[in-house]
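2 protein chains.
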Amino acid sequence: MKQAIGVIDSGVGGLTVASELMRQLPKEQLIYLGDTLHCPYGSRPEEEIKRFTWNMVHFLMEKDIKLLVIACNTATAYTLNDLQQKLDIPVIGVIQPGARAAINATKNKRIGIIGTEATIRSSAYTKALHMINADISVISESCPLFVPMVEKGVLSGTEAFQTVNESLQSMKDCTDIDTLVLGCTHYPLIKDVIGEVMGEHVQLISSSEETARETSAILELQDLLNKDDTFLEHQFYTTGELNIFQKLTNNIFSHHLDCLSKIRMDKVSI
Amino acid sequence: MKQAIGVIDSGVGGLTVASELMRQLPKEQLIYLGDTLHCPYGSRPEEEIKRFTWNMVHFLMEKDIKLLVIACNTATAYTLNDLQQKLDIPVIGVIQPGARAAINATKNKRIGIIGTEATIRSSAYTKALHMINADISVISESCPLFVPMVEKGVLSGTEAFQTVNESLQSMKDCTDIDTLVLGCTHYPLIKDVIGEVMGEHVQLISSSEETARETSAILELQDLLNKDDTFLEHQFYTTGELNIFQKLTNNIFSHHLDCLSKIRMDKVSI
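Protein sequence lines correspond, in order, to chains P and F.
Adding 1273 to a residue's 1-based position in the first sequence gives its number in our numbering.
Adding 1273 to a residue's 1-based position in the second sequence gives its number in our numbering.
Since the hints were made in silico from the structure, they are not lab data.
There's no promise every hint is true.
A pair holds if it fits inside one copy or across any two, identical chains being indistinguishable in the list.
[As the list claims (entries may be wrong)] As a list, the in silico PhoX-like pairs of lysine-lysine whose alpha-carbon atoms are at most 25 Å apart:
id: 1; residue 1: Lys1464; residue 2: Lys1380
id: 2; residue 1: Lys1359; residue 2: Lys1339
id: 3; residue 1: Lys1400; residue 2: Lys1500
id: 4; residue 1: Lys1339; residue 2: Lys1400
id: 5; residue 1: Lys1425; residue 2: Lys1464
id: 6; residue 1: Lys1400; residue 2: Lys1300
id: 7; residue 1: Lys1336; residue 2: Lys1359
id: 8; residue 1: Lys1300; residue 2: Lys1380
id: 9; residue 1: Lys1380; residue 2: Lys1445
id: 10; residue 1: Lys1400; residue 2: Lys1380
id: 11; residue 1: Lys1500; residue 2: Lys1300
id: 12; residue 1: Lys1382; residue 2: Lys1500
id: 13; residue 1: Lys1520; residue 2: Lys1323
Construct all of the structure, not just a fragment, from the sequences and the given hints.
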């Protein structure tokens, strides 16, 4: 199946998922749309999150994608079920793969979740974890300062450490979790700082890697893998300013990939 | 969906997959069938492997299972495509999850595969790896002595070390793999010995954990998870001697699980 995998995100955080998809599925073409104009979604009301997400979906469905990845925890929390019911292609969110990886990783069955206010308010992680195992203790905390900090490009150093340390104080001191889910696709970009704050005994789960692996599994099971060797250029679209998107894209991909030159990047209205 | 997950294996090796399924999906009921009478499959001709596997499938389909896991690499290599085409429930093998995990783990794109003679002869792992990434170098080696050793209960000590060391000599000395797939469900039971022989720089991939995780993902995506809290007893069937099966089951589950008392075990003819 030569059709592309569609990836939507509220901005640039989902590029961590795109990066993993490229690494684990190098023969697949991606079409990515980041709604940077409306980012962050995490502090918006439910109605807006749904409307903006559906706008992105309509844009990508016109490109005849074969599978949709919602690479944004907030959008997953509020639209996954609806999209799975209404679209006739497989739809994969980032919450369920992260929840499964956390269940796989925890030994003491105490799992922490950090995310945006909207993601934490939705209890989507707690529901996903308890649907599989009702014995898991879940401790959630929203970290509203992380996304603006990452979007500013502050990924390490004193400012990053202080912000993370203050936000995670109670998670660190008042719980005995052994696993922490980075429930927002921006957070893998400050994973080192979060790890430094939480300590070595807490395993950090990034949904990006897990989501890419599940995408690979679903493509194979449904016989949707690209069997052709002709490489098709990835396409990246943003609703916001192209230069800011480009800068953050460079930040993310320079660590993982050297195929940025193969990327087409456009600004669009949706 | 209260129906059970069916698991088939040529013998007891698949219990490592069953054990992981129980850990990662504690609300799901398993019905396991191990064809210990005809074990090992790994040195048998293709026709026999297919016939024995289909006999197991017929037995489990009568139990109205909702998903089938082929927890045997040899049976996966020779029957997965056929079963996926002919059964109207999802069918998951152990080769593809292992291949995906190896692609995720490798840094130098050099992956070793060890398995039975039949699994290695089928090139199923090489095909699965190259379908996703044609740039991967695959080095395969059959280890015909491992299954009989494990079935005898020799899982550690001098005899185990010497057998493993001799079998993996060329894999260890003549390749620069950074990832080794344990391409037989018996091998996780001697994972420590294999790790000691290969050294810390080689990551060992066990399909059991990966297969359970993918099963969890497929159940959720296809809305097949058990949402009921009533626990249903697992059922274990063997075509061979019950006492040998029981002994090896104790060996495997004592490390992972304490729910053996909840298991019903029967000898059957298929």
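Comparing the hints with the structure gives:
Within a single copy, lysine 1464 and lysine 1380 get their C-alpha atoms as close as 21 Å, and across copies as close as 20 Å, so both meet the 25 Å cut-off. Taking identical chains as interchangeable, the C-alpha atoms of lysine 1359 and lysine 1339 lie at most 25 Å apart whether they share a chain (14 Å) or sit on different chains (24 Å). Only between protomers do lysine 1400 and lysine 1500 lie at most 25 Å apart by alpha-carbon distance; the minimum there is 12 Å, versus 37 Å within a single protomer. Taking the shortest Cα distances, lysine 1339 and lysine 1400 sit within 25 Å of each other only across copies (23 Å), while inside one copy they are farther apart (28 Å).
With identical chains, the CA atoms of lysine 1425 and lysine 1464 are at most 25 Å apart within one copy only, with a shortest distance of 16 Å there and 46 Å across copies. With identical chains, the CA atoms of lysine 1400 and lysine 1300 are at most 25 Å apart between copies only, with a shortest distance of 14 Å across copies and 34 Å within one. Taking the shortest Cα distances, lysine 1336 and lysine 1359 sit within 25 Å of each other inside one copy (17 Å), while across copies they are farther apart (32 Å). In this homomeric assembly, lysine 1300 and lysine 1380 come within 25 Å of each other (Cα to Cα) only across copies, at 18 Å, whereas the closest approach inside a single copy is 36 Å.
Only within a single protomer do lysine 1380 and lysine 1445 lie at most 25 Å apart by alpha-carbon distance; the minimum there is 17 Å, versus 32 Å between protomers. Taking identical chains as interchangeable, the C-alpha atoms of lysine 1400 and lysine 1380 lie at most 25 Å apart only when both belong to the same chain, with a minimum of 19 Å there against 35 Å between chains. Within a single copy, lysine 1500 and lysine 1300 get their C-alpha atoms as close as 8 Å, which meets the 25 Å cut-off; across copies the closest is 37 Å, which misses it. Taking CA atoms no more than 25 Å apart as the test, lysine 1382 paired with lysine 1500 passes between copies only; the shortest distance there is 20 Å, against 41 Å inside one copy.
In the homo-oligomer, the alpha carbons of lysine 1520 and lysine 1323 never lie at most 25 Å apart, since the shortest distance is 28 Å inside one protomer and 55 Å across protomers.
Checked against the numbered hints given earlier, the structure breaks only hint 13 and satisfies all the rest.
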